[in-house]
Structure formats: C-alpha cells, structure tokens
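Chain by chain, the residues run as shown.
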Amino acid sequence: MYNDLVLDHFSDPRNVGEIVNADGIGDVGNPVDGDKIRIYIKVDNNILTDIRFKTLGCGAAIAASSMVTVMAKGQPLEVCLKISNEDVAKALGGLPPEKLRCSNIAADALHSAIADYRDKLVGSR
Amino acid sequence: MILSKEQINRYLRHIIMPEISGAGQRKLLDAEVEVLSESAEVAAPLLYYLAAVGIGRINCVLADNQGQDVLFNNLMDLSSDIAITSDSKAPEKIMPGDIACRIIFGSEIYAVYNLDSESARGCPAIIAINRGWDGYIQVLQQREQMENILAELQTSKCDCISPNEMGSIFSTCLLGALTTIEVIKLLLNIGTSAYNPLSFDLWTMSFENQEKDIPAASLFFKSKGEADRCQCISPSSPEYLKESPQSLADRKALIVGTGGLGSPTAYALARAGIGTIGLVDYDIVDISNLNRQILHSTSRLGFLKVDSAEIFLRQLNPDVSIVKHNTDFNVDNAVEIISGYDVIIDGVDNFPARYLLNDACFLNHKPMIEAGVAGFEGMGMTIIPGHGMCYRCLFPQIPAPGTIPSCSETGVLGPVPGVMGFIEACEAAKLLTGQGMILTDSLLAFDALELSFEIFQNGKNEACPLCGLNPTIRELQNYQVKCDN
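The listed protein sequences derive, respectively, from chains A and B.
Mapping of the first sequence onto the working numbering: position 75 corresponds to residue 75, and the numbering continues sequentially without gaps.
Mapping of the second sequence onto the working numbering: position 312 corresponds to residue 312, and the numbering continues sequentially without gaps.
Because the hints were derived from the structure by calculation, they are not lab data.
Bear in mind the structure is a predicted one, so any value in this text is a computation, not a measurement.
Among the clues, some could well be false.
[Claimed, not checked] Among chain B residues calculated to face chain A with C-beta under 8 angstroms, some are: (1) Met1; (2) Ile2; (3) Leu3; (4) Lys5; (5) Ile8; (6) Leu12; (7) Ile15; (8) Ile16; (9) Pro18; (10) Ser21; (11) Gly22; (12) Ala23.
Idealized CB from N, CA, C, for every residue including glycine.
Next up, chain A with everything else stripped away, as it sits in the complex (with noise of 0.2 angstroms):
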C-alpha cells in the first residue's frame, strides 16, 4: 500500500518528541478519533530552528508528519507557510488516495504551530 520512502519515515519517524518551552504548539486531527497530530516549535529570529511532533494515527499520519518536520526544519517562517499538505504528500513520492484527504493534514498541524507562535508573540507584545 505504501511506498518505500513512506514506509521508511512510517517505521523510523524524524523529529519525534515534544519541545519543552516550545515557543509554538499546532493541533490537528479529530479529537475523538482519527488521526491526530501536534507539533512544536522553536522560532529563532524568524527562522524555524527546531520541530518535533506527536502523532496518533496511521502510517500516512505518522509519514507525512516525520516529512514535515524535515521539509521545514532550519526555515524561514515564510516559507514553512507555503509547504502545503499536497507538497508533503508529493515530498513522500506519494501516499494512497483513500488517505490523501483524512491522514495527510501534517502541513495544516505546522501552519497551526506558526500561528501559535505569532499569536504569543502579539500577547506578549
């Protein structure tokens, strides 16, 4: 069902863990059921200087969320916004299309970290 780059970051996530202090923290997923995904962040001076996440899910969930991480470790906020669900599905040299649109919301779980983070920062302003 899954490709050979999916099964590798499926069976041996990057970036897995929490961020004590994380300067950002993104959820995502159905709260009841489903695939459900957080992810921490260090900002630095604009720039995302380290990510890691928490994943319940299946596979894609685990997959996409492991890419994410690496996809936008070390940059700038701007462009972390831009890495969409789809790029992280293409990074992965794909994922089925029965679990396109339920598991693979890594990015969306990203984008809710950054917003976290901005919004702190307007608070603490």
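The hints should help you fit chain B onto chain A, whose structure is shown.
Showing chain B alone in chain A's frame:
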C-alpha cells in the same frame, strides 16, 4: 531503513503505536529471551505470542521436549523473523549472557521439583506459575525473591492427585499472553512492570494486583486444603468433584472472526477438547495479521482465514470438528449461522458486527461471550439473554460514523487480544460445562501497561433499547455504517 519492508508490514500494528514505533520493534527483534518450562505443550501459548510479536531469539529449556519439533516448525512459520533454539542444559548451568530476560513458566509442581534460586540468575526474570484455574505472575529483580517464592510454593503446594486439567489449560494460556506483555514492557521500558505480583483465579474470575513485591500469605487465591475450591482431585475431595463436569466434548461454540481474538479463543477451546468449533470469517490471511493471530502463518498468507485456522486446529486437536462459515456475518445470515451453536463468541473487529451479534444472540436466546481490544487495552463481558445485562445496556447505540476506529489503521499489541481471547474461551468453557462463575452483569477491563484487571459490576439497564422495559429493537435492523474515510 531500520526494518525491512516485510517487517514493517508484519509488525504494522505495533509500529503504528508511538510507544513502540519502528525503533521499539527493532529492539524486540534484536532481543534474546530464554524460556524455562516443563514441556512444549505447557510453553506453547507463551511461545506462540513471543514469536508473533517478533522476539528475535528464543532459547527454550524444556524439562520434557516431546512435541517440540512440531511446535518449533509452527513458531518459525508464524514468524519467519525469529530463531528458536532448544537447550537441554540443566537450569543451574545456564550462564547469564546476552539474554535480555529469562522466563520461568509452568505449573507449581514443575517449579517445586525443577527449579532453584539459580533459575532466576541473570535477572530480570519473569515467573509465571499456575495451579489449576489459578495463576501468578511477577517480574523479579533479585535472585533472593526466587528463593522466597520457591519456599512459599513448597509449603503451600496443593495435595492434588491431579490439578484441574481444564483449568490448567486456560490459566497457562492466559499466563502465556500476560508474560509476553511483560517481556515487551521490560525490553522497551514502557508501562509499569509487574514487580508486584498479579494473582488470578479463573474459576471465580478474580484478579488481584498484590501490594508488595513479596507475596504475603500465598501466591494463589486458594490456600492449601481448599480442595473443593481448588477443583483438583485429591483423596479427600467430595464425590461430586471426582465425577467430571458436563463434558465439553459434546458442546459447540461459534467464533465470529478468526483474527486477534478468535485465534486464542479457538486455540484454547481446541486444547480443552471442545466438540465443535464453528468459524466465521470472509477474509484472507495478511502479513499484518501475524503479530497477533496465532492460528495463521507465513506459509498460509493469502489463504482463506477459515481454511488456515482449520489446518492449525486439526493439527492441534484432531478430535475437534471444525465447521467453516466462509462469509461476512450479516443481517441476512446471522440467525441461521448462530442457530446451531451452544455459545457464540465475539471476535469481530468492528462495531456494526458487534451490535448485530449482540442483537441476534439476544433475540435468539444464545449466550454470547464478548470482548474488544485496542492498543494496550481490552474489555470483556458475558451476556446470557434474560439473565442480566447485554452489550446495549452499557453502550446503547452504534458509535456514529467518523468515530469508528476500525475505519482507519489502529494499533494493537499482539498479546492483548491474546489475553482477552483466552478469557473468552475460559468463560465459554465454564458456561458450557456448568462450572465456576462467569462474568455476567460485569465489565472486565484489562490494561496491559499496568498489568491490571478491573471488574465493574453493572446491572441491567432498564432503558436498554434491546432488553430494557420498553425495548425499541424487536428485530434485526440495518447495521451498516458507512466508513467516512
């Protein structure tokens, strides 16, 4: 990649759980455990689950190795990833080495006559001992604990001529699945290891996590001399116990689903000598089944599950009649399929089928043994129509679409359905032979990470839409819920 493509597919249900992931599965595959047990037959349920979850190397020291070759072939066919060896060295000669964990597994008679404190050398060790329907499991950190346990067993051992054979089969099966869970927890450092003992009595369905690491009075629920409760045959046993209870051999059980729950249920009932097992499944054997579905194997990938199960069960006990229902269990065939059986056992993996089964059994007066699992947890109950609660008393309606886990991939630790399936089999056997106490009006909840069983007493729900005072369900309905994925 840290795992091969085949391994990722084989252990998919483990890898998907963040507590295990690919890295945890790799650790299991790289680990070696040693099993000290009395015979291939006794150790079999333990070894099937150790193999299924992918413990890479298993060395067995069996006091009696009859049947070992057939068992080892089956184990390596269940999991092509493992190496299993047999060592006839006496336990005291074993040197601690690369072994991650030593398992001491068998009856109290075996423990008393075959083991000494050196058996637990190179701790951690897991000790799992049974006496008839009773069982005891503990993770040991020090050799001295082994001495205490052996001393306790020596003084408390039952004066049985023969421990209850049926009880021994179920308690050994349950201990096999529980022990596998403790092995995984130790190797991956997850959950709370059973440093404090868990004791259970399947005759009364009682479970107790003891508070201290050293058993205070007795390892088992039943102390010496309680032969009538022990259900063993001793010289002083009352006459009624010397007659065998109603025989399982003329009873028929239907198992709906031959997967994670159906596999251990069918295994244990076949071992216990049930007359007929009916199997319902429409699916074929997939490699991602094999982390938990011990009836199936690598060489039978692509077989119909009912055919694969039949091959396994015939080899296990040729006296059991197997009836195959190679079909989806649906509203049109449910009543006809269940009609020929004395008890119906739920081994399905989705809510619509579970509600259909509950309703069909209630409306047709069939006792039903129920269980469900997810991740590290399981639950179960026994439902006798007209005597206490049904599934809908607790959970009146089918969960709404979109909240149904079976629509997406969900993780499950291999031996968790093993635990619940063995409990289902035990409940079925007691019900069919009129022995012991069963889990009516109760919900049993199992937590593998804590190794705890809790039983919640529940009464019938008067507002139950099926069996309450004003039932709204009087015939089977449409149970199809569209998957939103």
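Okay, the hints, checked on the actual structure:
no., hint, verdict
1, Met1, "5 angstroms, holds"
2, Ile2, "5 angstroms, holds"
3, Leu3, "5 angstroms, holds"
4, Lys5, "6 angstroms, holds"
5, Ile8, "5 angstroms, holds"
6, Leu12, "7 angstroms, holds"
7, Ile15, "5 angstroms, holds"
8, Ile16, "6 angstroms, holds"
9, Pro18, "7 angstroms, holds"
10, Ser21, "7 angstroms, holds"
11, Gly22, "3 angstroms, holds"
12, Ala23, "7 angstroms, holds"
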